[in-house]
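K.L.:
Using the hints, build the complex out of the two chains.
As you go down the protein sequences, you meet chains W and U in turn. So in my numbering, spot 35 of the first sequence is number 53, and the numbers just go up one at a time. So in my numbering, spot 311 of the second sequence is number 444, and the numbers just go up one at a time.
Note that these hints are calculated values from the structure, not bench results. By construction, the Cβ of each residue, glycine as well, lies at the ideal position given by its N, Cα and C atoms.
A few chain U positions that, by computed beta-carbon distances, are all more than 12 Å from chain W:
no.: 1; residue: Arg188
no.: 2; residue: Lys214
no.: 3; residue: Thr282
no.: 4; residue: Lys367
no.: 5; residue: Leu368
no.: 6; residue: Asn397
no.: 7; residue: Pro430
no.: 8; residue: Leu431
no.: 9; residue: Asn475
no.: 10; residue: Val480
Restricting the straight-line Cα-Cα distance to at most 30 Å, the calculated cross-link-like pairs of lysine-lysine (DSS-like) are:
no.: 11; chain 1: U; residue 1: Lys327; chain 2: U; residue 2: Lys425
no.: 12; chain 1: U; residue 1: Lys141; chain 2: W; residue 2: Lys43
no.: 13; chain 1: W; residue 1: Lys98; chain 2: W; residue 2: Lys63
no.: 14; chain 1: U; residue 1: Lys402; chain 2: U; residue 2: Lys424
no.: 15; chain 1: U; residue 1: Lys364; chain 2: U; residue 2: Lys377
no.: 16; chain 1: W; residue 1: Lys47; chain 2: W; residue 2: Lys63
no.: 17; chain 1: U; residue 1: Lys364; chain 2: U; residue 2: Lys424
no.: 18; chain 1: U; residue 1: Lys327; chain 2: U; residue 2: Lys424
no.: 19; chain 1: W; residue 1: Lys43; chain 2: U; residue 2: Lys175
no.: 20; chain 1: U; residue 1: Lys141; chain 2: W; residue 2: Lys33
no.: 21; chain 1: W; residue 1: Lys47; chain 2: U; residue 2: Lys175
no.: 22; chain 1: U; residue 1: Lys327; chain 2: U; residue 2: Lys402
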Amino acid sequence: MAETTYYVDVSDALKRIGGSMDLYKRLLKQYSETDHIEPLEESLKDGAYEDAARKLHTLKGVSANLSLAKLAAATAELEKIVHDGTDYNESFKTLKEIYHETSQQISEII
Amino acid sequence: MTTNDTNKDIVLIVDDIDINRSILCEILRDDYQTIEADGGVKALDYLFDSDGNARKLLPTAVLLDVMMPDIDGFEVLERIKSHDDTKNIPVLIISASDSEQAESRGLFGGAADYITKPFNHDIVRARVDNHINLARYSHELEELVSIKTSEVTRTYESTLEVLATIIEYRNLESGAHIRRTTLLTEVLINKMLKTKKFRAALENENISSMIKASALHDIGKIGIPDSILLKPGKLTSEEFDVIKTHPTIGSRIIDSISENLPDNDLYLKYAKEICHFHHERWDGKGYPDGKKEDDIPLSARIVSVVDVYDALTSSRCYKEAFSHEVSLDILAQERGTQFDPNIIDLVPSVAEVFRKIVEENRDM
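Next up, chain U with everything else stripped away, as it sits in the complex (with noise of 0.2 Å):
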């Protein structure tokens, strides 16, 4: 008695008496398509593939018998329940006991609705149909959720990235800086991503959060005065004090944006990192808080090579630019020193990427 329409939503029917499914089939069929199922395994067997993976093609809904002999209803609802693919469907227990125990068992193993025989044609049809209606109209609104949200998620982060753009704008470079940050960030994470020493501790981030993060490394450099971000020749000490200040600016920034969005928001997280650590050294000589090793972020650990790469390889307005080969010295010199020793020793595998990266990406 199973229906072939496929646009149809189908009603999957789990009742070991066949006279019970043909009942349900006949009610439901003007309107979905019925699949029956003549207990426990079956229905689990329709539901799930051999290693417990969700089928592509799953019903729209569930009538679920408790009481057969081969697994009760109770046992297939908490298989559905506790999957996340299935789990949004709806289930509606049919059973002939009328017990008060078997429901709330049923409605608290999270069963839509609880159905008692006999069944009733126009109370059934007008269950299902709503619970259809329920399940989907929540799943859209879950999908109109998450669209709204990439969305704003989207708007705020180009925001960020337009305004450290502008920022590099003001100390007088183009943006390419920011570009090749980016782009040497997401090769050197890629290497460590294939050594045992860093895939576990990078395994569990979020990579592309981390590499669009960085782009917001100097951010905090809105805060220092042209006189001294702009000063061809060397700083005094006092004046270096104030460039000092800008990671520590920097997060502040961060910290103002992240007021007003979620405290999960791994890319505010890591931007908020990275600003504040990256001029940290791994000898614990670095500012702003003298962190040393491990205690300083990964994501700042990173950074912090990438922009000294950039910055050696660059021309700025107190210095030229050294070569590729002489900037990979000064990284190899400083290993253990101002590096994180274990990045520093995966340069070398990266080092012609690096090089083309900045060739490809010349200030303006």
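Next comes chain W alone, as it looks inside the complex (with noise of 0.2 Å):
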């Protein structure tokens, strides 16, 4: 994860989505109208794996797709650690914090 530098790779997004910003910004703000990580919590504090495994799942994807590129990365990490059914919380408290300095750096954007 430590050669993953961006929160918010906005050039590499660009390149991949046909470069227009007003359309990045669109699909940011579509991104942040959810909250990803409540939802999770709860699954993986009730002990649905299953779910908290199809929720991260999502979110890879998503995060990927807009080049959310630390996040899709520690996403990816924590998936497949649910997936083991190995000690989970370091690797999520790592994935909250990333979530919301992803969060607020997309604040800055759009």
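P.N.:
Structure follows, in structure tokens:
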């Protein structure tokens, strides 16, 4: 994860979606309308790991698509941990921090 | 974000996450009309009506997410690939799961391609373009093949019809017998289709091929010398033995044509049956094989009735024509001996049409 520098990799995103900053902003706005962490935390707390894995899978896809690079990497890591059934607490804590920092940066962009 | 341009191909985008759909719509909007479905249920609803029939306006390609809460992508893929009207639509699986297992499950399930998130603008567009072009190209090829095949079929069928007519001219007849045989066979088969007894047997047959094939029943007569075929008056038993070879000669002619054509050609299958067996009798006393009852192919049993009726009502070099009524009586007398009794039972109900056909298609 250390080599992944950006929370929001704007230039990478623009390359992939065709260069329109307007569109990117629209997509980021769409993304930030949903709280992705709380439902995930609930599932983990309830021991509903299959549910949690599915939510992580979704978040992984979305964050990767929006070039939220750190979040995508952290999500992939946690998805693997939940899938393997090993202790996820540390990894979830990291994910939460990255998620909030990402949201912070997004709100500055849009 | 659905664009409305009816000239563009439709791409159906199936993903439960709206951001993913938005990105794909954006990537494709210049070249395609995009339609979004937020899950498997919606996607299937867009493709099929409630009876499971494919809808009229179908997408040209489908982009399909795998992991969806209602019906997953693999199930949607299976439905698309198992319906004749949708199975040729290219389906591109889009997924964040980079596992080989999911990829191979998709591809073996009939998916055209597999695209992993994050999407790359140019790659997604190029892949969609490629698969749409490929599907269109193969569809065009299929159409071309079917057009060419039906051209070839028409050509050899009309060649055979001409052959049958030439042979009839040689018998000093005018081609009217062949025309009447075809018309009478058609009337009789249509009647049979309305009966419980024969509907089941005929339903799985290609009726129009069977009717066309009836025209070929006597092509074997080309192998019979003029001195016998055109002899006025009674034939000796040796001469009659020669006449009796015409069914076998006919079926051999059909065999030689079949050699160069696919085995499943029903027209030729019926033509062979009819040539070979149209002089067999229900009681087993016919020729060439002495087959009886249901062992005689149905097509030949039908044509044997029609052929005899037409022969009776026509004048030939060796006999005068019988009247319609007398001819019907003779058919009835041979019920269960020469002819299939169940077919003879239907003749009275088509007798009037038979009479008209003979009247309107007299030898010229």
